[in-house]
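All chains should be built: construct the whole structure from the sequences, respecting the hints.
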Amino acid sequence: MSLTVAEIEEAYSALALAAKVHHLNWVVDQAESQIALGRIRTGKVRAKEVPLRGTPEDESEQMSKGRPVKFTLSDKYSPQERLEILIQALECAVGGVWQTAFAVSAFLRDNIPNLSGIKFMPEGISKEPFALVDREIHARKQAVDHFQSVLKELKEAI
Amino acid sequence: MPLRPMLLSDIQNALGPALIPSLTASSAANDLYEAYLFSIMIEAARTEGAIRVDFRSRTQVNPAVFVFRTSPGYLHSTAQDYGYVEIEFQGKPVLEAHLGVRIAGASSVLHECDVCVLLQEEANVCRNSITSVAPRSARVILSVEAKFYAGDLGLHLGREFLGFLSDTSIDKSFFVVNRESDSIEKLLSHKGKLWEHKISPLNTTDVARLRNAFQTGFKDFRAKY
Numbered sequence: 001m002s003l004t005v006a007e008i009e010e011a012y013s014a015l016a017l018a019a020k021v022h023h024l025n026w027v028v029d030q031a032e033s034q035i036a037l038g039r040i041r042t043g044k045v046r047a048k049e050v051p052l053r054g055t056p057e058d059e060s061e062q063m064s065k066g067r068p069v070k071f072t073l074s075d076k077y078s079p080q081e082r083l084e085i086l087i088q089a090l091e092c093a094v095g096g097v098w099q100t101a102f103a104v105s106a107f108l109r110d111n112i113p114n115l116s117g118i119k120f121m122p123e124g125i126s127k128e129p130f131a132l133v134d135r136e137i138h139a140r141k142q143a144v145d146h147f148q149s150v151l152k153e154l155k156e157a158i
Numbered sequence: 001m002p003l004r005p006m007l008l009s010d011i012q013n014a015l016g017p018a019l020i021p022s023l024t025a026s027s028a029a030n031d032l033y034e035a036y037l038f039s040i041m042i043e044a045a046r047t048e049g050a051i052r053v054d055f056r057s058r059t060q061v062n063p064a065v066f067v068f069r070t071s072p073g074y075l076h077s078t079a080q081d082y083g084y085v086e087i088e089f090q091g092k093p094v095l096e097a098h099l100g101v102r103i104a105g106a107s108s109v110l111h112e113c114d115v116c117v118l119l120q121e122e123a124n125v126c127r128n129s130i131t132s133v134a135p136r137s138a139r140v141i142l143s144v145e146a147k148f149y150a151g152d153l154g155l156h157l158g159r160e161f162l163g164f165l166s167d168t169s170i171d172k173s174f175f176v177v178n179r180e181s182d183s184i185e186k187l188l189s190h191k192g193k194l195w196e197h198k199i200s201p202l203n204t205t206d207v208a209r210l211r212n213a214f215q216t217g218f219k220d221f222r223a224k225y
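So the protein lines, in turn, are chains C and A. Okay, so the first sequence: first residue is 1 according to the numbering used here, each after it adds one. Okay, so the second sequence: first residue is 1 according to the numbering used here, each after it adds one.
In short, the hints are calculated from the structure, not lab data. Just so you know, these numbers come straight off a predicted model, no measurement behind them. Virtual Cβ for every residue (Gly too), placed ideally from N, Cα, C. Misleading hints may appear alongside valid ones.
Said to hold, decoys possible - With a straight-line Cα cutoff of 27 Å, these simulated BS3-like cross-link-like pairs (lysine-lysine) come out:
1) A/Lys-186 - A/Lys-224
2) A/Lys-191 - A/Lys-172
3) A/Lys-186 - C/Lys-70
4) C/Lys-76 - C/Lys-44
5) C/Lys-70 - A/Lys-191
6) A/Lys-186 - A/Lys-172
7) C/Lys-141 - A/Lys-191
8) A/Lys-224 - A/Lys-92
9) C/Lys-76 - A/Lys-92
10) C/Lys-44 - A/Lys-186
11) C/Lys-152 - A/Lys-198
12) C/Lys-141 - C/Lys-152
13) A/Lys-198 - C/Lys-119
14) C/Lys-20 - A/Lys-172
15) C/Lys-155 - A/Lys-198
To be verified - Pulled from the structure, derived: some chain A residues nowhere near chain C, Cβ distances all over 10 Å:
16) Leu-19
17) Ala-25
18) Ala-50
19) Gln-80
20) Lys-92
21) Ser-169
22) Lys-172
23) Arg-179
24) His-190
25) Leu-202
26) Thr-216
Have a look at this one:
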């Protein structure tokens with residue numbers, strides 16, 4: 001039996017809250033932008049159902065009035081799909097970022113003998129500088145795997 | 001399947017330890033992603049037969065601390081000892097790969113290149129000039145607009161990329177994202193522009209396709225110069 005809508009909404013809220021607590025507001029924002037936009041598809045709509053404005057581009061529609069015409073449509077996501085979008089966003093922000101950090105660090109280590117540090121520095125003071133520390137990346141491997149496994153469990157329950 | 005009673009609190013508790021604290025900001029994830037695409041670019045140069053690939057900074061070869069640029073900046077900047085890579089193909093002008101430098105378009109407006117490969121001769125002009133000189137886009141061989149997103153990308157990003165392309169004359173410019181983005185992909189395909197999606201370390205098939213596309217860029221450079 002799949003989850004009820006109430007359970008799904010509870011799970012969505014719990015995940016969004018956890019993300020915000022850990023400064024991942026941008027992850028929730030991006031997931032919610034996607035949800036707000038809906039699933040975009042093209043479909044046919046009877047032109048006479050749409051008020052015509054009489055602009056030149058509507059001329060062809062007037063000619064085929066009553067016949068289905070191609071439009072770009074947006075479908076709302078279901079509660080399950082909304083939760084899946086947030087889960088996917090979190091996977092990206094946690095697993096995706098970790099994998100990318102690991103790859104960049106490994107690449108430079110393989111190419112620069114005696115590499116002792118990797119830094120990301122802005123020219124001015126507009127952004128916070130940060131560093132990639134191998135020890136820190138490796139130390140989180142197990143925690144990343146665990147987080148992904150509990151997210152997977154939730155996905156399977158939806 | 002019913003929800004395990006403690007699953008939600010387990011997820012909440014598991015999130016914190018899984019995060020690298022310095023990488024929770026959206027901008028840090030993007031900066032890191034640019035560095036990742038930079039690494040694919042360098043690998044492509046090697047695969048295409050570069051005879052020399054040197055990691056360096058303004059002051060050192062093989063710097064012990066490699067510094068990536070995180071905000072759009074000038075190639076000649078001395079604010080930090082930024083890292084870059086020199087690439088040489090047999091009998092061809094030397095190239096340099098940089099992250100986050102501003103280049104000048106046809107309109108003289110400055111644009112940011114997340115990743116770019118340009119002629120070293122042009123980079124030297126910028127570095128050695130007394131005044132602030134930005135590389136000209138016509139001297140850029142390859143560039144990448146990198147986007148790391150957790151959700152779908154807004155179409156405005158695709159439109160911005162088209163604006164960038166309309167003012168620059170780079171041999172090959174790519175729009176590269178870590179996920180799929182139907183609207184942008186449709187727009188860029190319709191306009192015949194270069195893009196790649198789902199580029200992340202675990203998607204080896206997509207990464208191989210991007211590396212091959214970069215390699216083609218180096219191949220064309222070798223033929224042209």
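Taking the hints in turn, this is what the structure says about them:
Distance check on the hinted pair: A/Lys-186 and A/Lys-224 sit about 30 Å apart at the alpha-carbon level, beyond 27 Å; violated. Among the hinted pairs, A/Lys-191 with A/Lys-172 is consistent with the structure: their alpha-carbon atoms are about 14 Å apart, no more than 27 Å. In summary, the hint linking A/Lys-186 to C/Lys-70 is supported, as the alpha carbons are separated by about 16 Å, within the 27 Å threshold. Distance check on the hinted pair: C/Lys-76 and C/Lys-44 sit about 17 Å apart at the alpha-carbon level, within 27 Å; holds.
Distance restraint check for C/Lys-70 and A/Lys-191: the Cα-Cα separation of roughly 21 Å lies within the 27 Å cut-off, and the hinted pair is therefore satisfied. As the CA atoms of A/Lys-186 and A/Lys-172 are separated by approximately 19 Å, the hinted pair is consistent with the 27 Å bound. With a C-alpha separation of about 41 Å, the suggested pair C/Lys-141 and A/Lys-191 falls outside the 27 Å cut-off, and the hint is violated. With a C-alpha separation of about 10 Å, the suggested pairing of A/Lys-224 with A/Lys-92 holds against the 27 Å cut-off.
Taking the CA atoms of C/Lys-76 and A/Lys-92, the gap is about 54 Å. The hint is violated against a cut of 27 Å. Restraint check: the Cα-Cα separation between C/Lys-44 and A/Lys-186 comes to about 19 Å, which is no more than 27 Å; the hinted pair holds. The hinted pair formed by C/Lys-152 and A/Lys-198 meets the criterion: a straight-line CA distance of about 20 Å does not exceed 27 Å. A hinted pair counts as satisfied when its Cα atoms are at most 27 Å apart, and C/Lys-141 with C/Lys-152 qualifies at roughly 16 Å.
Restraint check for A/Lys-198 and C/Lys-119: the C-alpha separation of about 26 Å stays at or below 27 Å, so the hint holds. For the proposed pair C/Lys-20 and A/Lys-172, the alpha carbon gap of about 39 Å is over 27 Å, so the pair is violated. For a cut-off of 27 Å, the pair hint linking C/Lys-155 to A/Lys-198 stands: about 21 Å separates their Cα positions. The beta carbon of A/Leu-19 is not kept farther than 10 Å from every beta carbon of chain C, the shortest such distance being approximately 6 Å.
Its closest Cβ contact with chain C, about 7 Å, brings A/Ala-25 to no more than 10 Å, contrary to its assignment away from the interface. Chain C leaves A/Ala-50 outside its interface by the beta-carbon criterion, the shortest separation being 13 Å against a cut-off of 10 Å. Separation of A/Gln-80 from chain C is inadequate, the least Cβ-Cβ distance of about 5 Å not exceeding the 10 Å criterion. Taking the minimum C-beta to C-beta distance to chain C, about 21 Å, the non-interface status of A/Lys-92 holds against the 10 Å cut.
The claim that A/Ser-169 is not at the interface with chain C holds, since no C-beta of that chain comes within 10 Å of its own (minimum 26 Å). Listed as a non-interface residue, A/Lys-172 keeps its Cβ farther than 10 Å from every Cβ of chain C; the least gap is roughly 22 Å. A Cβ of chain C approaches the Cβ of A/Arg-179 within 10 Å, the least distance being about 7 Å, so the stated non-interface status is violated. The claim that A/His-190 is not at the interface with chain C holds, since no C-beta of that chain comes within 10 Å of its own (minimum 13 Å).
Listed as outside the interface, A/Leu-202 is inconsistent with that label: its C-beta sits roughly 6 Å from the nearest C-beta of chain C, within the 10 Å cut-off. Residue placement check: A/Thr-216 keeps its beta carbon more than 10 Å from all beta carbons of chain C (closest about 21 Å).
In summary, the structure is inconsistent with hints 1, 7, 9, 14, 16, 17, 19, 23 and 25 from the numbered list given earlier, while agreeing with the others.
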